[in-house]
Amino acid sequence: MAKRIDVSGLTAYYGSHKAIEDISMTVEPRSVTAFIGPSGCGKSTFLRTLNRMHEVTPGGRVEGKVLLDDEDLYGAGVDPVSVRREVGMVFQRPNPFPTMSIFDNVAAGLRLNGSYKKSQLNDIVEKSLKGANLWNEVKDRLNKPGSGLSGGQQQRLCIARAIAVEPKVLLMDEPCSALDPISTLAIEDLIGELKERFTIVIVTHNMQQAARVSDRTAFFNLAAVGQPGRLIEIDDTERIFSNPSVQATEDYISGRFG
Amino acid sequence: MDISTKTTDASPPTPQPAAAGKRGAARSTSRPGDRIFLGLSRGSGILLLVIMAAIAVFLTYRASLAISKDHGNFLTSFEWNTNIDPPVFGIAVLAFGTVVSSVIAMALAVPIAVAIALFLTHYAPRRMSGPVAYVVDLLAAVPSIVYGLWGALVLVPHMNGLFGWLNDYFGWTGIFSWDGGAPRSMLTVGILLAIMILPIITNVSREVFRQVPQMHEEAALALGATRWEVIRMAVLPFGRSGVISASMLGLGRALGETMAVATVLSPDFDIHASLLNPGGGTFAQNIASKFGEATEQGRDALIASGLILFVITLLVNGAARAIIARRKEYSGANA
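As you go down the protein sequences, you meet chains D and V in turn. Position 152, counted from 1, in the first sequence is what the UniProt record's numbering calls 152; the numbers after and before it change by one each time, with no gaps. Position 120, counted from 1, in the second sequence is what the UniProt record's numbering calls 120; the numbers after and before it change by one each time, with no gaps.
Just chain D, same shape as in the assembly:
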């Protein structure tokens, strides 16, 4: 079941440095929302506040509210570990566990969550790999190490690993930036399929990619280096790329800066 994300007044710090300030937005379930903006504007930081990964960084802390449907992720007594079981994440560089086989990589999250019968595991791993469009390429070598795959395959393996635990939301932090165009296309197609089942948030530096895959686009910017990043606007992707309501967005998209 995909869930809605409702962020209000979110500010994140690295130690005393304020990285992003006062961000509020709503992310609709079963849609793709893209974050764009120049480097250092805090879009990755913001993404990492949505599954409480930001606070893993030494000195990282967050103020404000993130509601997943009606539950505040930063509420008192909420365990960040259980948040991350609901909000999955795919990283910039493919990071399958090098010490595990392809099968074990996909099953890793399941084994954390409880005990499954071997046949159940087999079914879920197959379903997840099919969901990540990787099954046909790896079905004959599930017991081989995941690190033997190509970069694009590794990234799809990571997506399979993330969706195997049926998260409510899938966060993707520049998932294609380390991949070649063909692999990028495969991931983009996959994102289109996955949004039927998950709420997807994707950070990207590639504006064409944002335009291709997303339903809504959020533009982040910062006033100057050292200043906190802010959300400039969020709107339907079509509108952001044709007729944005803020001048800075148009300047960025048309390549006048950034």
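Hints were generated in silico from the structure; no laboratory data involved. Since the model is a prediction, treat every value here as computed from it, not as a measurement. Any given hint could turn out to be false.
[What the hints assert, rightly or not] Here are the simulated distance ranges between beta carbons: (1) V:A141 x D:S16: 50 to 58 Å; (2) D:Y14 x V:L315: 49 to 57 Å; (3) V:R232 x D:K118: 17 to 25 Å; (4) V:D34 x D:K118: 54 to 62 Å; (5) V:I324 x D:G114: 28 to 36 Å; (6) V:R31 x D:H205: 37 to 45 Å; (7) D:E71 x V:D168: 53 to 61 Å.
[Unchecked claim] Output of the computed footprint for chain D on chain V, the stretches with three or more beta carbons under 8 Å from beta carbons of chain D: (8) 204-218; (9) 221-234; (10) 237-250.
No residue lacks a Cβ here, since even glycine has one placed at the ideal position from N, Cα and C.
Chain D is fixed; fit chain V onto it per the hints.
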């Protein structure tokens, strides 16, 4: 890289102006810096092999002199008497004692060292991990005779309680039975060796755990792993071969430790089932305690026992390498 290449290109006077026309692919190997460094590093490598070979030849030659005169069975006899003619000596007791004391030391030290290393890298606040790591380093710098004296004067008198408890509850196994004698036994030696090898295993493991790429730990975290689960999924598998190497360094020290064992152990020439009763011996301890008063023939016999220690060390290291190589394709090095 580019800049440094250019500066070395410009500064040294070209040694062979005649070759200036042919400066092509071979250019980089003909620079003096490269040739000197190549010579030094190749020489060091060869020197290592020569030293190893020299040790092996020396041990084998002197050992063969002794073994050819031995009228007991060198490998199985429980006797060490080199002053009679013909001499009778065997290394069975020494091999047993060396292996047993090292196994005890490893069984105690490796889990504790890994736990300390994990604590320092993944649990302790940074303000604390620095000083603690420093103290662990200091432990490695304490000379072994100091450990030996501490073991004999402090550890041995305090072992009675533990030995009594082990005898009460586990005495029926035979391994932990105790006749109440002074606890100058293999278990005490093993515990002392464990303390001695703890720092090296801790330090190397700590370095290995620190090298675990952030992205693997984050991958586990993002799946909803707790801190312990991150360690189990990402840190320990990645550090596995490093921890084995660290343990081998510790084991090497435990196998060869001399003074600490000689100070604590009350040796004899018998194999005892009980780890708590005094007796037994190790290769290094036996050599140290007998070498001074030994005749030429006796020294050759001791060197023969040293050869066996050398062989055991080689076998152990080979086994460790085999373990590491068996799962090579799953090692973190492929990341």
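To see whether the hints hold, each was checked on the structure:
About 39 Å separates the C-beta atoms of A141 of chain V and S16 of chain D, a value inconsistent with the hinted range of 50 to 58 Å. Roughly 52 Å separates the CB atoms of Y14 of chain D and L315 of chain V, a value that falls within the hinted 49 to 57 Å. Between R232 of chain V and K118 of chain D the C-beta distance comes to about 20 Å, which sits within the given range of 17 to 25 Å. As the Cβ distance of D34 of chain V to K118 of chain D is approximately 57 Å, the hint placing it in 54 to 62 Å holds.
Between I324 of chain V and G114 of chain D the C-beta distance comes to about 33 Å, which sits within the given range of 28 to 36 Å. Separation of R31 of chain V from H205 of chain D is about 42 Å and conforms to the stated range, judged on CB atoms against 37 to 45 Å. A hinted range of 53 to 61 Å holds for the C-beta pair E71 of chain D and D168 of chain V, which are about 55 Å apart. A count of 4 residues in the segment 204-218 of chain V with a Cβ less than 8 Å from any Cβ of chain D is obtained; the coverage claim is therefore met, three being the minimum.
By the rule of at least three residues with a Cβ nearer than 8 Å to a Cβ of chain D, the coverage given for the segment 221-234 of chain V holds, with 9 such residues. Only residues whose beta carbon comes within less than 8 Å of a beta carbon in chain D count, and the segment 237-250 of chain V has 3; three or more means the coverage holds.
Against the hints set out earlier in the document, a violation occurs for number 1 only.
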